[in-house]
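Novice: These protein sequence lines are chains A and B, in that order. In this text, residue positions in the first sequence follow this note's numbering: the first is 1, and each later residue adds one. In this text, residue positions in the second sequence follow this note's numbering: the first is 1, and each later residue adds one.
Treat the hints with care, since some could be wrong.
[Unchecked claim] If you want the ones that stay clear, here's a sample from chain A, every Cβ over 10 Å from chain B, calculated:
no. : residue
1   : Ala77
2   : Phe83
3   : Glu185
4   : His204
5   : Ser229
[Said to hold, decoys possible] Computed Cβ-Cβ distance ranges for the label pairs, DEER-style:
no. : chain 1 : residue 1 : chain 2 : residue 2 : range
6   : A       : Gly109    : B       : Phe15     : 52 to 60 Å
7   : A       : Glu170    : B       : Arg124    : 23 to 31 Å
8   : B       : Arg124    : A       : Ser128    : 26 to 34 Å
9   : B       : Arg124    : A       : Arg123    : 54 to 62 Å
For the record, the hints were derived by calculation from the structure and aren't laboratory data. On a predicted model such as this, the values are computed, not experimentally measured, just so you know. Where a beta carbon is used, it is the ideal one built from N, C-alpha and C, also for glycine.
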Amino acid sequence: MIAINNVSKWYGDFQVLTDCTTRVAKGEVVVVCGPSGSGKSTLIKCVNALEPFQKGSVVVNGIAVEDTKTNLPRLRAQVGMVFQHFELFPHMTITQNLTVAQIKVLGRGKEEALDKGLKLLDRVGLKSQADKFPGQLSGGQQQRVAIARALAMDPICMLFDEPTSALDPEMINEVLDVMVQLAREGMTMMCVTHEMGFARKVAHRVIFMDQGAIVEDATKDDFFGKPHSERAQNFLAKILQH
Amino acid sequence: MGDFDFSIIAANWRFLAEGLRYTVQVTLTAMVGGILLGTLLALMRLASLWPLRWLAAAYINFFRSVPLVQVILAVYLILPLLLQFLTGRLIPIGADNSAYFTFTIFEAAYYAEIIRSGIQSIPRGQAAAGYALGFTYSQTMRLVVLPQAFRNMLPVLLTQTIVLFQDVSLVYAIGATDFFGAADKITQRDLRPVEMYTTVAVVYFVLCFALSRLVKYLQSRIAIIR
Chain A
1 MIAINNVSKW YGDFQVLTDC TTRVAKGEVV VVCGPSGSGK STLIKCVNAL
51 EPFQKGSVVV NGIAVEDTKT NLPRLRAQVG MVFQHFELFP HMTITQNLTV
101 AQIKVLGRGK EEALDKGLKL LDRVGLKSQA DKFPGQLSGG QQQRVAIARA
151 LAMDPICMLF DEPTSALDPE MINEVLDVMV QLAREGMTMM CVTHEMGFAR
201 KVAHRVIFMD QGAIVEDATK DDFFGKPHSE RAQNFLAKIL QH
Chain B
1 MGDFDFSIIA ANWRFLAEGL RYTVQVTLTA MVGGILLGTL LALMRLASLW
51 PLRWLAAAYI NFFRSVPLVQ VILAVYLILP LLLQFLTGRL IPIGADNSAY
101 FTFTIFEAAY YAEIIRSGIQ SIPRGQAAAG YALGFTYSQT MRLVVLPQAF
151 RNMLPVLLTQ TIVLFQDVSL VYAIGATDFF GAADKITQRD LRPVEMYTTV
201 AVVYFVLCFA LSRLVKYLQS RIAIIR
C-alpha cells in the first residue's frame, strides 16, 4: 500500500531524513516512534507529499508521489491524515467540516455527504455536536471530528501525526479508542505516536527513528521483546518506566 | 465673529450632495477593485515562483513610495496618451473617470500588504489540512485560508477604507469635484470659508466615525470562536 524507498531530505545543509526505507502493507498498522526531532513527522508527511523530499521515492497504491505528473490532490483525497493540532476549519461548523471536501473534491451531493458525515460523527460519539463550531469542542472531541472528517473521504489508508500529543491526559483515551477500533476493522494505518500502549494493542510493526534515520523496523513482539539497537533499548527503557 | 451665515450650505446643498456622491462612488469602486487586485498581489507575493513574487513586490513598493497626489496627476496626464498610443484614437477620459482608476490601482498596493499579513496570520497547518483532504491550491485558498484571513483582516481593511474615503479629496489636484472639491468651489465663489469648511469637516467626521463603529460591530459579529 505504502512503499517508502531510500528517502532523503535536507533543509539547506541540514539533513532531516537519511535513506529511509519501509513498507506498509494493506491492512497493516505501523507505529513510528522515536525522540523529538528524529524526523518521524517529516517522514509521514512525505507519504502524501505535504513535505517534498530531494532523494528517493514514495509509492502509494502504485502511484509515485514525487512524480511531477502525479495528480496530487486526487492522491491526497485517498489518503486520510490526522494532525497533531486537529486542524479543523474554525470558520465552519462540525457538519461543514465533515462535508466540504466530500462535496468539493469527491463531487458528492449535499445530502449524501451530510448522511455520510453524520454517520461517522455518530461513530466517534459526537452526533449531538453537529451544529457547533470546532472552538466549542474540547481537544479530544475536535480530534475525533478530525478523524471522522478524514474517514468521510473513504481513504485507502490513514496517516496519524502525533494525534494525541496536544491533548490533555484525560482526553487521550477517547481518541485512542477510536484509533484502536479503526485498526481492528482492518484500516491500513501509519501512526506517529508515543503511545506505546496503543502500539502493543494493535500495531503489527514498530519503526524506531533517530536523527532522521530508521534505526529499527521490527514486528511488535520483536520490538518490545528484544530491540536490536542500543538506541531503541534506551528509548524503550525510558518511556516504559512509568 | 458673531456673524456666521450657514444659509450658504442650504443654498448649495445639491452641489455638495453631488460631490459627496462622487466621493462615495470612488471610495466603493477603489475598495472593491483594490481588494480584488490586492488579493491577487498578495497571493503573488506569497507564491513560490520568484518572478511572481518580484513583480508583486515591485508594484507594491512603487505605489507605497510615491505620493498619492502625484499618482493622481500622473495617471490623469499619462493615461489618455497611453490609450491613444494603444488604440490610435483620442479617447477623452476626464478627471472624474481617471480618479476611479487611480484610486483602485493605488489602494491595491496598500490592501495587498494588509491581505498578505492576514494570510500569513493563518497557521500553516490549516493549509496543510486543506491539501491533505485533496483540495487544490485555489480551493485551499478559497475555502480554508482566505475566509479566515478576511475575518481577521476586516478591521484593518475597513480602517484603510476610511483613510481612502478621506484621501479622495486629493482629486482637487485634477479639478474633479468630490465632496471637498465642491465645498472648495463654492467657497471660491461665495467667500464663506469658515461656515463651509466647518460643515464639511463635521460631515467627514460623522461619516468616518460611523464607519469605525461599524467596524467594531462587525468585528464582534463575525469573530471566529476559538
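Novice: Should the label of A:Glu185 as a non-interface residue stand, given a Cβ cut-off of 10 Å to chain B?
Specialist: Non-interface label stands for A:Glu185: nearest chain B Cβ at 21 Å, farther than 10 Å.
Novice: Take a quick look at A:Phe83 and tell me if its Cβ sits farther than 10 Å from every Cβ on chain B, holds or violated.
Specialist: At about 6 Å from chain B, A:Phe83 fails to clear the 10 Å cut-off, so the statement is violated.
Novice: Take a quick look at A:His204 and tell me if its Cβ sits farther than 10 Å from every Cβ on chain B, holds or violated.
Specialist: Holds, since 24 Å exceeds 10 Å.
Novice: With 10 Å as the threshold, tell me whether A:Ser229 passes as away from chain B on beta-carbon distances.
Specialist: 32 Å, holds
Novice: Within 54 to 62 Å: is that where the Cβ-Cβ distance between B:Arg124 and A:Arg123 falls?
Specialist: The hint (54 to 62 Å, Cβ to Cβ) is violated, given that B:Arg124 and A:Arg123 are roughly 29 Å apart.
Novice: Beyond 10 Å from every chain B Cβ: check whether that's true for A:Ala77.
Specialist: Given a closest Cβ separation of 3 Å, the condition is violated.
Novice: Evaluate the given range 52 to 60 Å for the C-beta pair formed by A:Gly109 and B:Phe15.
Specialist: With Cβ atoms ~57 Å apart, the hint holds.
Novice: So the hint says 23 to 31 Å: do the beta-carbon atoms of A:Glu170 and B:Arg124 match that?
Specialist: About 29 Å separates the Cβ atoms of A:Glu170 and B:Arg124, which means 23 to 31 Å holds.
Novice: Honestly, do B:Arg124 and A:Ser128 meet the 26 to 34 Å range at C-beta?
Specialist: 32 Å, holds
In terms of the numbered hints stated before, the structure departs from hints 1, 2 and 9, listed from lowest to highest.
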